[in-house]
Structures are given as C-alpha cells and as structure tokens.
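Full structure from sequences and hints, please.
Sequences listed follow chains P and E, in order.
By numbering that gives the first Met the number 0, the letter at position 168 of the first sequence is numbered 167, and the numbering carries on one by one without gaps.
By numbering that gives the first Met the number 0, the letter at position 27 of the second sequence is numbered 26, and the numbering carries on one by one without gaps.
Bear in mind the hints are in silico, worked out from the structure with no lab data behind them.
In this text the structure is predicted, and so the values were computed from the model without any measurement.
Beta carbons are placed, not taken as given, at the ideal position from N, Cα and C, and that holds for glycine.
Check each hint, because a few of them may be wrong.
Just some of the chain P residues that point at chain E, by a computed CB distance under 10 Å [as the list claims (entries may be wrong)]:
hint: 1; residue: L89
hint: 2; residue: T98
hint: 3; residue: A101
hint: 4; residue: A102
hint: 5; residue: I107
hint: 6; residue: G108
hint: 7; residue: A112
hint: 8; residue: R124
hint: 9; residue: K126
hint: 10; residue: A127
hint: 11; residue: F231
hint: 12; residue: I246
Listed below, chain by chain, are the residues.
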Amino acid sequence: MEYFLQQLINGVTLGAVYGLIAIGYTLVYGIIGMINFAHGEVYMIGAFIAMIAFLILGPDGGGYLVLALLTVLIVSMMLTAVYGWTLERLAYRPLRGSTRLAALISAIGMSIALQNYVQLTQGARTKAIQPVIQGGIELAERDGFAVSLSYIQIVIVVVTVALMASFSLVIARTALGRAQRACEQDREMAALVGINVDRTISVTFVIGASLAAVAGTMAVFYYGVIDFFIGFLAGIKAFTAAVLGGIGSIPGAMLGGLLIGLIEAFWSGYFTTEYKDVAAFSILVLVLIFRPTGLLGRPEIEKV
Amino acid sequence: MTAGTLAERGAAFLPTALKEAGIAAGIALLLALPLVGARTVSEGSAFVVTPRIVELALGVAFVFAGRLAIASLRGGHHLPVIVGALAVAALGWRFALPSAFLGVVAIAGGLAVACIGAIGLLRARRDEIPAVARIDTAGLLRQALGWLGPALIALAIVLPFLPFADRRLMDIAILVLTYVMLGWGLNIVVGLAGLLDLGYVAFYAVGAYSYALIAREFGLDFWSCLPLAGVFAAFFGIILGFPVLRLRGDYLAIVTLGFGEMIRIILLNWYNFTGGPDGISGVPRPTFFGLPFKRAPPEGVESFHQFLGIDYASIHRTYFLYFLVLALALITNAFTLRIRRLPIGRAWEALREDEIACRSLGINPTNTKLTAFAIGAMFGGFAGSFFATRQGFISPESFTFIESAIILAIVVLGGMGSQIGVVLAALVLIGLPEFFRELHEYRMLAFGACMVLITVWRPRGLLASRDPMIRLSRRRARP
Numbered sequence: 000m001e002y003f004l005q006q007l008i009n010g011v012t013l014g015a016v017y018g019l020i021a022i023g024y025t026l027v028y029g030i031i032g033m034i035n036f037a038h039g040e041v042y043m044i045g046a047f048i049a050m051i052a053f054l055i056l057g058p059d060g061g062g063y064l065v066l067a068l069l070t071v072l073i074v075s076m077m078l079t080a081v082y083g084w085t086l087e088r089l090a091y092r093p094l095r096g097s098t099r100l101a102a103l104i105s106a107i108g109m110s111i112a113l114q115n116y117v118q119l120t121q122g123a124r125t126k127a128i129q130p131v132i133q134g135g136i137e138l139a140e141r142d143g144f145a146v147s148l149s150y151i152q153i154v155i156v157v158v159t160v161a162l163m164a165s166f167s168l169v170i171a172r173t174a175l176g177r178a179q180r181a182c183e184q185d186r187e188m189a190a191l192v193g194i195n196v197d198r199t200i201s202v203t204f205v206i207g208a209s210l211a212a213v214a215g216t217m218a219v220f221y222y223g224v225i226d227f228f229i230g231f232l233a234g235i236k237a238f239t240a241a242v243l244g245g246i247g248s249i250p251g252a253m254l255g256g257l258l259i260g261l262i263e264a265f266w267s268g269y270f271t272t273e274y275k276d277v278a279a280f281s282i283l284v285l286v287l288i289f290r291p292t293g294l295l296g297r298p299e300i301e302k303v
Numbered sequence: 000m001t002a003g004t005l006a007e008r009g010a011a012f013l014p015t016a017l018k019e020a021g022i023a024a025g026i027a028l029l030l031a032l033p034l035v036g037a038r039t040v041s042e043g044s045a046f047v048v049t050p051r052i053v054e055l056a057l058g059v060a061f062v063f064a065g066r067l068a069i070a071s072l073r074g075g076h077h078l079p080v081i082v083g084a085l086a087v088a089a090l091g092w093r094f095a096l097p098s099a100f101l102g103v104v105a106i107a108g109g110l111a112v113a114c115i116g117a118i119g120l121l122r123a124r125r126d127e128i129p130a131v132a133r134i135d136t137a138g139l140l141r142q143a144l145g146w147l148g149p150a151l152i153a154l155a156i157v158l159p160f161l162p163f164a165d166r167r168l169m170d171i172a173i174l175v176l177t178y179v180m181l182g183w184g185l186n187i188v189v190g191l192a193g194l195l196d197l198g199y200v201a202f203y204a205v206g207a208y209s210y211a212l213i214a215r216e217f218g219l220d221f222w223s224c225l226p227l228a229g230v231f232a233a234f235f236g237i238i239l240g241f242p243v244l245r246l247r248g249d250y251l252a253i254v255t256l257g258f259g260e261m262i263r264i265i266l267l268n269w270y271n272f273t274g275g276p277d278g279i280s281g282v283p284r285p286t287f288f289g290l291p292f293k294r295a296p297p298e299g300v301e302s303f304h305q306f307l308g309i310d311y312a313s314i315h316r317t318y319f320l321y322f323l324v325l326a327l328a329l330i331t332n333a334f335t336l337r338i339r340r341l342p343i344g345r346a347w348e349a350l351r352e353d354e355i356a357c358r359s360l361g362i363n364p365t366n367t368k369l370t371a372f373a374i375g376a377m378f379g380g381f382a383g384s385f386f387a388t389r390q391g392f393i394s395p396e397s398f399t400f401i402e403s404a405i406i407l408a409i410v411v412l413g414g415m416g417s418q419i420g421v422v423l424a425a426l427v428l429i430g431l432p433e434f435f436r437e438l439h440e441y442r443m444l445a446f447g448a449c450m451v452l453i454t455v456w457r458p459r460g461l462l463a464s465r466d467p468m469i470r471l472s473r474r475r476a477r478p
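Printed below as a string of structure tokens:
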C-alpha cells in the first residue's frame, strides 16, 4: 500500500510535467492541424534557459530563494516564448496552406536544428545543479518504507494545477480564447468576421512555448540534470499524452499527461524500468485501436 | 531603370528596411542572449556561467545585415547587396572570427545572399525581355528530367572505373545509394500509398538483425539470408501494420514512431539475444557468390582474387559492395515502377488521393495499405541486411529515430512519389554533408536547417510528381 502510494505521488508529479508539454501540442494541433514536432525541443530550451538564469542568480538565489525561483520561471517563460514565436514565424507560417506533410518535415528539421544548436552552444555534456528545494513531508511509514512527498513535488503539482486552471479560464472567458476557438473551428470564417488569424496562431505558439518552459524549469529543479537530448523523449511522451487524451482537447491533454505519468511510474515501480517507454507506447496503441480519437476527443466525421 | 526611380525607391524603402532589420536583430538578441550569450562550464563539481559577448554581438549583427539585405533585395537594390554579401563572405574567409561557427555563418550566409541577389537580378533582367524571346526554362527542365534517370544510372555504373573514384568517394557513394534504396522503399509507403510512416527504421533494424542473427546461429551466408531478412521485415510490417492501419494521418505517424522506438528499446534491452548496447560484431562479410574477399582465405576455399587470377586489393570488396547496393536499389526502383502500373499500385495511389471514394469503388483499404506497408518493409529489410554485411557490426545506435526522419525527409523533399527526386534529395542530404566532414560539429545543425529551408522553398518537394498515371484526355502541357 505504501509502495503504491509512493508510485502514485511520483506518477502525478511526472504527469504534471507531461501534461504541461502536451497542452502545447494539443493547442497547435487544434488550431492548425499539424504536429509541432519541435515542441519537445522548446521544452528542452526552456530547461536550459532556466538553468542558466538560475546559475547567474547564484546557488542560493542571492538570499531570496522564492523570489529567485520565480524570476527564473518568468525569465524562462518569456525567453522560451520568443523561441516559440520565432519557430512559427520561420518554419510554419510560410507553409500555411501547404500539405501537412510539408509542415511535419519542416518541424522535424527544426527539431534537429534546435537540438544541435543547443549542443553546439552549451556543449554535449550533461549539466547538473545542486538540489535547491530540499526536504518533504513523510506521509506514512511501515516496515522501514516511508512514503515521502517532497516539497518540490508539491510545488510542481500546485504550479501545474494553478497554470492549467488559469489557462482554461483564458480559453473559456477572454477574447483571445474566443478567437482561438473560432480559428480552431474555421479559420477562413474567423478571418471574415475580423479575427487576426496569424496573430492568434502566433499567440498559440507563445502560450504553448511558455507552458513548455514551465515544464522545463520544473524538470531542472526536480531532476537536477539536463542535457540537449531531453526534449526528444519528453516530446514524444507528451505527444502520446495529447493523443491519448484526444488531440485538440485541452482537458484531454491534462488527463493524458496524468495517465502517461502514472503508467510510467507504476510500470517502473512494479515491473522493469527498461521497458517503461514500451509500456507507454503500447497503451497508446491500444487506446488508438479501440478509441481512435483518444479518450476525450470528439469523433472526426469525414464528409464527402 | 532610371536614376530617378532608383532614388525614389531608395528613399521609400530605407526606413522600413532599417526598421525590419532592427526588429529582426532585437528578436535574434532575445533568442541568443541565454544560449549563445552565456555558456555553462563546469568548475569543479559545480557549473558556472561565463559570458560570450563577442559571439553574441557578431551573431546579432549578422542577423541585422541579413534582414537588411533581404529587404533591400525586395526594394530592387541587387548590386549593392551582392557586393556587400560577397564582402561579408570574404571577411569570414579571411579573418578568424571568435568561433569557427560564426565564420561558417558568415561565408555560407554571404554566399547564399549573393546567390539570391544574382538570381533576382537575372529575373529582373528577364522580365525586360519580351515573352516570345524568353527561354522556356520549365520546358527545358522537363526535357532534362527525361534523360536524367538513364544518365544517372550510366554514371553510377561507370563510377568505380573513373580515375577520381578513391575509397572515400566509393564509401560516400555506397552510403548515398543505401539511402536511395531506403528512400525508394519508403516511397512505396509514403509516396504511393500516402501512409505517413515515422518508424521505417524499425524494418531496417529488423533486416539487419535478422541477417546478423541468422548468420550467427545457423551459419548461413549473405545470399541465403537476404531473402529471409526481407521476409522477416515484411512479416513485421504486417504484424505492426495490421492493428494500426485503420488510423488516419497523424495518428498513424505517431504510432509508427512509437513502434520504431519500441523495436529499438527491445533490441537495446534483450541482452541475451541481441547483445544489447554492445550490438553484434563479426557479422559475416559478403561473398562474391561464394567467393570471399580475403587475402588469405581458409583452407579449401578459393577467394575472389585467386578465382580471377588478379592481385589482392582490399578495394575489391568496396567495389563489390557498391555494385551490390546499386543492384538492390535498381531492383527496388524497377519493382516500384512496375507495380505502379498494376492494379494494386493504382489502388495505392487512388487510396492516397481519396479513401472514401476508393471504398465506394470496392477497394479494401486495409488490405491495400497492408500490402504497401509490407512491401515497403521488405525493401527496408533488404537494405538492413546490406547495412549489416557492409558494417560487419550492428548495434541499436544505428537505428534511432533520426534515421527514420532522414529517410522520410529524403522522400518528402524529393517530391512524394518521384523516383528521381529521391535520388536528388539523397545526394543533397547525405552526399553533400559527407564531403564537409571537417565541419562535423555543424553537420546536423546544417542538416536540420536545410530540411526547413528546402521545405519552405519547395513545399511539394524538389520534383513533385503527383500526376495521375492515367488520364482521360490527352496530356496537356502544364503552364
């Protein structure tokens, strides 16, 4: 039971990170119908920017740790958002109206280029920082096995929930959210009623990139190690999460992220760590075979 | 073009061009500030950040100049831009910039801008010539494509006998041909049947491992294993394809990607069978239909040079591998060209264009897709066993997602469904970088950037050929 609880806590934390990245995929897919393959790389860049900002501020954040961490988060979100904007502007906007495949190839090219850009500028070695937020709460103990909930895990889950709640509010209530949903349904019609479609798409990329930056920042402080290659696997898993939840659906992305996180945590806890990625992909295949539109996705009806 | 209009245009364009360039430079500064401007270096056990001001400033300056150049080209100022761009390239060539990368950027960027300027200049001149006197470049290109294929095949056959064909060139040629073959194999799946497969490397891996394992366990030679490897790969294609081919477009892409990764992870972790990360070494090298390429063959076996009565040279094997992969690739090509004309090939192309229409015409989509998947996988398996025999060593390292991405990029950039396009794309994407081995570090960066640039430049591929194979009316010349 204790072991189960511990895996549950780890899984939820992991799922929060995947969920944040998955929102970026799902938003972009919803609005322009393409897989933003470079999104995992955006997450990786967010992590690198967070680490560099933190190293500049100093190991103890100059005395004000909370303030320093907040600064790191905001700096990472803003600068990563510029990456998201530029990515769309350079690699995707010229291809609007062309085939999905072309956009996908451009995205894969961008992903390769960004990965190697970071490798060139920051070196291929794994970067590590000392753990910043230490300690935690011991929830239960039996036979020497303690269930611990560390403070960083609490921070990650709280930040994720807060961000997702405010983000859902933005989509549901603001003019920006309405514009976004309108573009999702019919881009041409949205343009006819006076919505700036290009700007809305750009804002979508900016939001997706800053959420990925949050995930990256939390990964830096949670794991303490990053390298230029972390974006690939995290990106694929987050995409899997987005598909699992039903691509295009925001609650679906959160649910999918949570599920993938839990599957991974339980699989590595009860079976073997080596095959945890295989487990995540197998679940994806099974879901797609029996529910091809994902858990919360609307069925796509093709009209002739 | 009179002086008056030029001055007018100059006055109108300069402020906007400067503004655009300023914005671009500002964004470049924001982008580069954390990753180029700061470098994490390890100091003892901890990491510290050291600034890199010069690189940052130069990089931003390059972006400013580049954007200004593009804006000026749009304003019609070709000559000053060409001169300026060549000057920047010369600067990068002549003076050592703080990092080799900036030098590469200066040279490549300067030359590229100069080329764009020159093309623009020629185009502006051409518009002044009356339409009747213009050369029909599109028509010439179409004619050229007609004999390009046979010419390339002829060149490929005589290549080893040319004086400049040294070992390095032959190795590059073998590599390019391997990718051409893989591209042609994937073209059946992606180009003809329109199924987006991001995990093609899985079949390449299955082919390579089945050859290596069969040869190790049963002692069979390359020629008996080659068909077996193809059969195994096709079998895997059917197993993997059966559950997922109902999925559409992007879902299929991500599931195939997942399968590719799963195969790699299994190869990596099933230590007893596949050797895990250590891979399999000592994969038997190819024989010339039973005659090995060895200086001193084992007792009772005649080697290739003894059989022909010539002196031993290690390059014989390279030549043989070259012709082997050339033959395999040409077989793939011939097969594809033939099957495109058969009912099944036509069903593939019809399915690519409209699945619902196909269904209503009585084509079984699942079976049709499955054949495409299996046949594509079979050629991937052939290529894989060739790879294994050429390398003599295989490990999961060689079958990462990036390989799938490269093969897919070759197919899409070549122009989906175009056989000759695959060759051109393979030459550009695989051949060119091999010649710039010295710039090894920047190879993949340039590769990714090229993928983006080519896609943005020609979204339908270098040579798009999606024309239907049969038409009702007589073929009319495209405008």
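Each hint, compared with the structure:
1. Nearest Cβ of chain E to the Cβ of P:L89: about 7 Å, under the 10 Å cut. The hint holds.
2. Interface hint at P:T98: satisfied, since its Cβ lies 7 Å from the closest Cβ of chain E, which is below the 10 Å cut-off.
3. Because the beta carbon of P:A101 sits about 4 Å from the nearest beta carbon in chain E, less than 10 Å, this interface hint is met.
4. A least Cβ separation of about 8 Å between P:A102 and chain E falls short of the 10 Å threshold, and the interface hint therefore holds.
5. Taking 10 Å as the C-beta cut-off, the interface hint given for P:I107 holds, the closest approach to chain E being about 5 Å.
6. Below 10 Å, beta-carbon pairs count as interface contacts, and P:G108 has one with chain E at about 3 Å; its hint therefore holds.
7. About 3 Å separates the beta-carbon of P:A112 from the nearest beta-carbon of chain E, less than 10 Å, and the hint is met.
8. For P:R124, the suggested interface contact is upheld, since its CB lies about 7 Å from the closest CB of chain E, less than 10 Å.
9. At a threshold of 10 Å, the smallest CB-CB gap from P:K126 to chain E is about 6 Å, leaving the interface hint in force.
10. Among the interface hints, the one on P:A127 holds; its C-beta lies about 7 Å from the nearest C-beta in chain E, closer than the 10 Å criterion.
11. Checking P:F231 against chain E by beta carbon gives a least distance of about 7 Å; that is within 10 Å, so the hint holds.
12. Given hint, P:I246 at the interface with chain E, holds; its Cβ is 8 Å from that chain's nearest Cβ, closer than 10 Å.
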